[in-house]
Structures are given as structure tokens and as C-alpha cells.
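Student: Chain order of the listed sequences is A and B.
Quick note on this note's numbering: the first sequence kicks off at 787 and runs consecutively.
Quick note on this note's numbering: the second sequence kicks off at 787 and runs consecutively.
These are computed hints drawn from the structure, not numbers from a lab.
All C-beta atoms, glycine included, are put in the ideal place defined by N, C-alpha and C.
Any given hint could be a false lead.
As the list claims (entries may be wrong) - Partial list, computed: chain A residues near chain B (C-beta under 10 Å): (1) 790; (2) 836; (3) 876.
As the list claims (entries may be wrong) - Selected chain A positions facing chain B (Cβ under 7 Å, derived; list incomplete): (4) 827; (5) 833; (6) 839; (7) 897; (8) 918; (9) 920; (10) 931; (11) 933; (12) 945; (13) 949; (14) 1041.
Here are the chains, one letter per residue:
Protein chains: 2
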Amino acid sequence: MSHPTDPIFVLDSGLGGLTVVRALLDRLPYERIVYFGDTARLPYGSKTRPTITHFVKQIIGWSERHHPKHVVVACNTASALALPEVRAAFPHIHISGVIEPGARAAAGASGKNEPLIGIIATEATIRSRAYEIAIRKRRQRARLLMTATPLLVPMIEEGRRNDDPLVELALRQYLRQMTRDRIDALVLGCTHYPLLKPAIRRIVGEDVAVIDSAQQCAEDVAARLVEAGTAATMGLMMGPASEDRSRLSAFVTDDPDRLARLGADFLGFGVEAPTLVPPEVLYQQDAGSLGLPAMTVPEISA
Amino acid sequence: MSHPTDPIFVLDSGLGGLTVVRALLDRLPYERIVYFGDTARLPYGSKTRPTITHFVKQIIGWSERHHPKHVVVACNTASALALPEVRAAFPHIHISGVIEPGARAAAGASGKNEPLIGIIATEATIRSRAYEIAIRKRRQRARLLMTATPLLVPMIEEGRRNDDPLVELALRQYLRQMTRDRIDALVLGCTHYPLLKPAIRRIVGEDVAVIDSAQQCAEDVAARLVEAGTAATMGLMMGPASEDRSRLSAFVTDDPDRLARLGADFLGFGVEAPTLVPPEVLYQQDAGSLGLPAMTVPEISA
């Protein structure tokens, strides 16, 4: 049984999910958050469904030591490719993603009969058609324009922001058709992208609804906690809300210093170096849960 | 004991090492090559030494089933960070990398007393100072200008090439100081970069020696095989050289189709989909070689 004082567990391929953490800290001031960034195996956006599903299952299996009351898959690629299979594998854990909340906001963003909705995301998210399916469920007549924008994450990870000419040129290339065809709404289908919102806004103009999946996701989590009766409230915490910093514990599969260095840009406050959980811990856990010493290595000859 | 008919094993984080394969096929027409691309965990360039060293050890451990007469670490990041430790772990295997051959060529590229040598590479390669150390061993008075160029790999992987305005702008930014200070030689310190050689040449001009570590690496391997007495020759193979295609077998940890789709750009000929070796096979091998069912998972509390 989950309890309101249990933490929310947020997982991502790297640092992007920290934009979701930021939104959760704002929206839910009494919650504790455990963050897991799979920095040894990032990015997920160019990898396949079976590989990403396996990674996410390993991380959620690992999360159980924290007794999370809710798990947020704060990575669009992982939400798009792995969510149904992961939910089936952990029926006792409440798990939500970032695609459904973003799609709901996109479907409601325009009063037009046949709104034109743009979606930018990683290669894998676009290929999965997850946004398309989720939006059409709610607005059958929506027209969609989807573009994979694989350079935005490495640009942001390199520290480039809204005034960088390379960012500007990449965005102009990627958004060319969308601005020409005058989209009504634009879904930022990757948790890194809110960091480029000012540059994106400059290019698409003031009339386009720019949908930040991190914020939508936080709203969604808030509603789910209330529904499950596990939301933390001031009364339960017996005191005022703690500082953001003290409500967050973080774990990564590689390079804790990098998160400490770059995290502030996503979170708005400096974080201490997170705890390292190298990938072998996750694979050893696989072996343990199967009750096997080690699976047979298939014989492959040259 | 190695035999001349044993294959050369080439490993890389992804597809970049195929430029080394291309150079090896040209330089050594009687050799068979086994290629391994760690596509589930790529890129290596933003990750740490312990993580990359572990990945490379796993792959070389796996390579032993092919009885390679020589292993090439065809990734600058992995060569820079892992080579000494990996050689110590596999003393019975001949292992070489791409840094030493590139550094040797850079040190010899200019007749000047104090040549100015530029190096572009991934973040991790630059941070390791491996090129600096290897060049200074040979040319103590060389002056070095080093720049991390983390966007070039994702640009190439997205399919962008020499005439793309974004590639042009990124190169102009990254090479600004080098062109201003008039470098004598430029080391392409990542196996992907030779695909952008025409654009790089356009920016640095005809007078700069552009050093392609793939070609230097193939020369180095040829010399090492002769020295070890394991070079394959026409006589040994009892017939004419086979087609390039039939001399190469490939393995990847994710997305075999991607290599089949993008490989031709690196190799100059189409490849069949390689065989999938998912990462869990490598971790199971760790467990097996330790003779343990599974190491103890450290207890970490929230």
C-alpha cells in the first residue's frame, strides 16, 4: 500500500527529466522526489523499442527500494515506446508518462474544427506515432505535422541556449514547414526542449500555443495522486513545505558531477552530486529476479 | 597462438569505426574483419573513464570467441580513456587504438620548429589530454589548440554532410580560433569526422595538413601485423582477394537495421543487417567470468 509520505520516482535517460522535476516541485510543494537519470546509456531517442523497454523496466525494478507511490516516465521517447509494456510488468505501481498529458493539452489548444498541430521530438518518438494516436483519440480531425529534431538535445547538453546562432538556424530548419503552414499549436515532445522555449516562440510567433510536456505532466501527476488518495498535504507533513533542494534525491548511471554541473539550468537551483548506480547493478538485478546465475550466452560464430 | 587467417576485430561505440574498417579493407586486402558497434550505449564521447573502460573490456572479452589476431579500438574516446587499462586486462591479445597513429602523423606533419597543431574531438577525448601527451612525446615544442566538437557526431548520424548550412556554421564556430591562429595541422580526432573532410578542408584551407585517424590507424595495424608475423598474404589465402562485403561480419548491441541503412555512407558499399548482441549478453558474460551468480546489489536508501 502506498502512503502519502512515499516519494514520487521520476526517471529519464539523462538530465531532460529535470524539467519535469522542476514542474513537479512547483505544482506539488509537499512531495519528495527521487530522480534517476540513465546517463551511462543516454540518449534513448535514437534507440529501439525492445532496448528502451528493457532499460525502463530495469530502472522501475530498481525504484522499488524507494517504495514510490507514483512513477513518472519523464522521457518522451520512453513514454512513447515503453509505457504499455512497463505498466503490464509492474501492475502494482502507478506509472504515468509525458505523452498523454501533452496530447491532451494539444487536442484542447485550439478552438478550430480542424486544428493544425505541430510536434517536434526525437526520431524514436516520432517513429512510434504515439502523439499521433493520443491526439487523434481526442480530436479525430486534427491535422498533424511531425518533425524529428535530433540535434536539439545535444545542443542543449553542450550548453547552447536561445541566443546561439546554431540553435536559431537548427530551429528555423526544423520548423520551416510548420511556420509556412501556420500551425495552431506546437508540442515540445522532449523534456529538454522547454529550455529553448524563447527561441521557439520567436520563430513560431505569439499566436501558436506552445505545449510544454513537463508542465502538463505535473498537472497530470497531481490529479492522479488525488485520485489515488496519496497526495501529500501540509497537514500530513506536519510543517511548512521544505526547500526544493531537500525534497530531491538523485541517482545516475554515470558521471554524477555532470548532473551537479548542469542540473541548475534545468532546476533553477544547484544540486549536490547525485549517487552513482552503475548499469551493472541493473543487470545484476535482472539476473537476481530471474533466479538465474547468468543466462546462456548465445553462440555466435564469425 | 594467433594465425594469419584469424580476423581483425574492430570495435566502436557505433558506426564511426566503419571509417577505420574502410581504411583497413583498402590497406589490407587479404584480411577478414569482425566489427562490433555498441549502438545500445553510444555515444561514448560524453561519458566517464570507468564507464567506457568497462564497456570496452566487455566487448573485448566477447571478441575472444572470434580468436582475433588483433583488436582495434576504433573509437578515439575509447582509445583515449581505456587503452592502457584494457591492454593490461588482456595481455594475450594485441590491441591498438587510433590516438597514437594520429598523434604520430600530427607530430610529423609540419617541418616547423614549433608547429601549431589543432585537434577536434569529443568532450571526453579532449578532457583526457591523450592527444596532447602522445604528440608532446614526439614533438615537445609543438603548440596545441584543442576544441571539443560534440555536435559533429549527431549531425553526421542525422545524415547531414558537407553542404549542409548547419554543418558549415558549426564548423566555422568550432574552428574559428584555429583558422585565426593559422594552424599547421588539424587532427580529426573522431572516426566520424572524415565524412566532413571536404567542408573542413574548405574552412581551414589547402595549406593545413588534415590528419584522418582512420587512415593512420590502418597503416599502424598493417605494421603491427607484419611485426607479429600474422599478416594475411595472397599466398596464404590461396586465391585472389575476396570482395570487401564478404570480408566483413558485423555485430551491434541495438538496431541492426540502422547500420544496414547508414553503413554504406561510411563503407562505400551496402551491408546486410548485422547480428544483434544485446548488452545483457555482455553483462551475463561479466557474471560468468567472475564465477558469481550476481554481485551483491549495494543498498541505497532514499
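Student: Against this structure, judge whether each hint is valid.
Tutor: Status of each hint after checking the structure:
1. 790: violated (15 Å)
2. 836: This interface hint holds because 8 Å falls under the 10 Å limit.
3. 876: With Cβ-Cβ at 18 Å, over 10 Å, it is violated.
4. 827: holds (5 Å)
5. 833: Check passed: Cβ of residue 833/A comes within 5 Å of chain B, closer than 7 Å.
6. 839: violated (12 Å)
7. 897: Cβ of residue 897/A sits 36 Å from chain B, so the hint is violated.
8. 918: For residue 918/A, the interface hint is violated, since the closest Cβ of chain B sits about 22 Å away, which is over 7 Å.
9. 920: violated (24 Å)
10. 931: Not OK, violated: residue 931/A not within 7 Å of chain B, min 19 Å.
11. 933: violated (12 Å)
12. 945: Check failed: Cβ of residue 945/A comes no nearer than 10 Å to chain B, outside 7 Å.
13. 949: Where the cut-off is 7 Å and the nearest Cβ of chain B is about 13 Å from residue 949/A, the hint is violated.
14. 1041: Residue 1041/A check passes; min Cβ-Cβ to chain B is 5 Å, inside 7 Å.
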